[in-house]
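Go by the hints and put chains S, W, Y, D, G and L onto chain Z.
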Amino acid sequence: MNIKPLGDRIVIKVLEKEERTKGGIVLPDTAKEKPQKGEVLAVGSGEIIDGQKVPLEVKVGDKIIFSKYAGTEVKIDDEEYLILRQSDVLAIIQ
Amino acid sequence: MNIKPLGDRIVIKVLEKEERTKGGIVLPDTAKEKPQKGEVLAVGSGEIIDGQKVPLEVKVGDKIIFSKYAGTEVKIDDEEYLILRQSDVLAIIQ
Amino acid sequence: MNIKPLGDRIVIKVLEKEERTKGGIVLPDTAKEKPQKGEVLAVGSGEIIDGQKVPLEVKVGDKIIFSKYAGTEVKIDDEEYLILRQSDVLAIIQ
Amino acid sequence: MNIKPLGDRIVIKVLEKEERTKGGIVLPDTAKEKPQKGEVLAVGSGEIIDGQKVPLEVKVGDKIIFSKYAGTEVKIDDEEYLILRQSDVLAIIQ
Amino acid sequence: MNIKPLGDRIVIKVLEKEERTKGGIVLPDTAKEKPQKGEVLAVGSGEIIDGQKVPLEVKVGDKIIFSKYAGTEVKIDDEEYLILRQSDVLAIIQ
Amino acid sequence: MNIKPLGDRIVIKVLEKEERTKGGIVLPDTAKEKPQKGEVLAVGSGEIIDGQKVPLEVKVGDKIIFSKYAGTEVKIDDEEYLILRQSDVLAIIQ
Amino acid sequence: MNIKPLGDRIVIKVLEKEERTKGGIVLPDTAKEKPQKGEVLAVGSGEIIDGQKVPLEVKVGDKIIFSKYAGTEVKIDDEEYLILRQSDVLAIIQ
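Chains as they are written, first to last, in the numbering used here: chain Z, 1 to 94; chain S, 1 to 94; chain W, 1 to 94; chain Y, 1 to 94; chain D, 1 to 94; chain G, 1 to 94; chain L, 1 to 94.
If you are wondering where the hints come from, they were derived from the structure by calculation, not from laboratory data.
Backbone N, C-alpha and C fix where the C-beta goes; we use that ideal spot for every residue, glycine too.
Fair warning: there could be bad hints in the mix.
Quick partial rundown of chain L residues pointing at chain G, CB under 10 Å, derived from the structure [as the list claims (entries may be wrong)]: (1) 13; (2) 36; (3) 65.
When the alpha-carbon atoms are kept at most 30 Å apart in a straight line, the in silico DSS-like pairs for lysine-lysine are as follows [said to hold, decoys possible]: (4) Y:13 with D:75; (5) Y:13 with D:13; (6) D:53 with D:4; (7) W:37 with Y:68; (8) D:53 with D:68; (9) Z:53 with G:63; (10) W:13 with W:68; (11) Z:53 with Z:63; (12) L:63 with D:13.
Just chain Z, with the same shape it has in the complex:
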């Protein structure tokens, strides 16, 4: 992947599953709830805490749960990614 996030930031690909109502109707994009799961594609060099660089807990390849509405959407080569801070990551799914 050709983006290097800065500091305590990570780049993720949002994991979406096809959403169907009970009656089987595929919901158009705007009716779906904002997704909360993603896969980590790149991680920054670490967070500076009290003058020391601490590597991130999150690794490339982790599946994560993140805060709704967190982060900034970016489009690179027609692909959409989300850049989050590690503090927006709630948990890693194992």
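This is chains S, W, Y, D, G and L only, laid out in the frame that chain Z set:
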């Protein structure tokens, strides 16, 4: 359990008891007060305080009282959990 | 007592005295001013200040004056308690 | 005095002087400006600054000028006191 | 002078000059701009920065420029003074 | 380049590409989305973290993604630049 | 110059150029954009960062770009100056 919360976060299962009014009527979900008790299912690696990682006071299995409306609800494999920060935990019930 | 408050928190029992108007009428609950005195039932393990755990100044059994409206009310075994932070304690009555 | 304020707090007695308009009329209580002078009755154990307990600059018996509207009024044995933080004290009158 | 300001505070006397419009009319008090110059009458014991007491840069007798609307007006023995924090002092006029 | 940004600031040239709608119409300036990519032209001397100057992660020549609406536009010799803080830089495109 | 700014403050003279519209009309003062360039006339003794006085990066004589609307206007001997904090200085023009 297959979620690993990050940093000073914990994953809890909210403890609900069936709620009846004095007249014996079971209240539907929306009329109940938001619950404040939970059981800890997973704890993060610790809180960073002045550059040092301090393990959490809360342990897996603890029954806790937490601030109303705190945390983020997540649904994993059709089960609902709550991800809190340790600072939202008021006390441990012994 | 079977609640262990976390960190710099304490559990108190609010001290209420029967309130009468000058004419001798006992005031119903909603007309009384919010109480400001309590007795400490349990104290947390201490406050972390600059990376060091400092034991609380408040001890179990102390009668305290606390900020109006501070803290969170909890009900355990049908008893009502108040969980405060030590910083909400204004003074100890000796 | 039987109140021990916590940390960087002090207990003062507000100094009021009888207020007369130029025409000699004694003003009722609500028309007077909120007082800004007080006498220190009790001081806390000190302020914690960068992990060290620093004794307060204000001593028992000092006459002080304090910020209008600062502090919390408390009534103990039918006497009214004011609990302030040392940071609400502007100056000591010598 | 008989006021000792606390910490990083100073006591100043506001320097006002008679203000005339171009046509020579002396403006009444409410039409004048709030003054921004003062003379320092007393200084506090210093500012605590990272646990160390640092003496103030401003000295008694300095003429200073201060932020409009900063500080608290106090009246002592019918004289009006202004108590400022050193951080409200913009510059010293030499 | 003849601007030296201060501290943790950087000077960038915003990278714009000609924007066409699907029907081939060139959009006038106000209809385009605010750009998010830029090239770094100058970097400050570093960020002060806990009393130590830490050189910036971003280097002259880097292509970066930055937060929408971040920074201050400046015009020097009829050229428009953007001055950002490094914290507004989300990622470096490699 | 006879003003000594305090701490991390600087005194600048705003650099204005005569502004003409394309049609050659000289714009009156209120129609001009607020200027963003200035020359440094005096600098403070330095910024205190983590307990140590760090000299300012900006020197007397520097031409600077500063944040629009930053600082406080002062008038000394009928000359108008602007007192800024160094953090309001975006860059030095070389």
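When you check the alpha-carbon spacing of residue 53 of chain D and residue 68 of chain D, does it fall within 30 Å? 27 Å, holds
Taking 30 Å as the top limit, are the C-alpha atoms of residue 13 of chain Y and residue 13 of chain D close enough? The hint holds at about 28 Å.
Hint check: residue 13 of chain Y vs residue 75 of chain D, CA-CA at most 30 Å. Holds or violated? Cα-Cα ~19 Å, so holds.
30 Å Cα cutoff - pair residue 13 of chain W, residue 68 of chain W: 14 Å, holds
Against chain G, run the beta carbon of residue 13 of chain L and see if the smallest gap drops under 10 Å. Result: violated, 19 Å to nearest chain G Cβ.
Residue 36 of chain L as chain G interface residue, shortest Cβ-Cβ below 10 Å: Check passed: Cβ of residue 36 of chain L comes within 7 Å of chain G, closer than 10 Å.
Restraint status (C-alpha distance of residue 53 of chain D to residue 4 of chain D at most 30 Å): Status holds; Cα separation ~17 Å.
Starting from residue 53 of chain Z, check that the Cα of residue 63 of chain G is at most 30 Å away, please. 24 Å, holds
Measure nothing beyond the straight line between the CA atoms of residue 53 of chain Z and residue 63 of chain Z; if it is 30 Å or shorter, mark the hint as holding. It holds: about 24 Å lies between the C-alpha atoms, which stays within 30 Å.
Tell me if the straight-line CA distance from residue 37 of chain W to residue 68 of chain Y falls inside 30 Å. 25 Å, holds
Pair hint outcome, residue 63 of chain L versus residue 13 of chain D [Cα-Cα no greater than 30 Å]: 36 Å, violated
Return the status of the interface hint for residue 65 of chain L: holds when the least beta-carbon distance to chain G is below 10 Å, violated otherwise. Given a least distance of 5 Å, the restraint on residue 65 of chain L holds.
Comparing the model with each earlier hint shows violations of hints 1 and 12; every other hint is respected.
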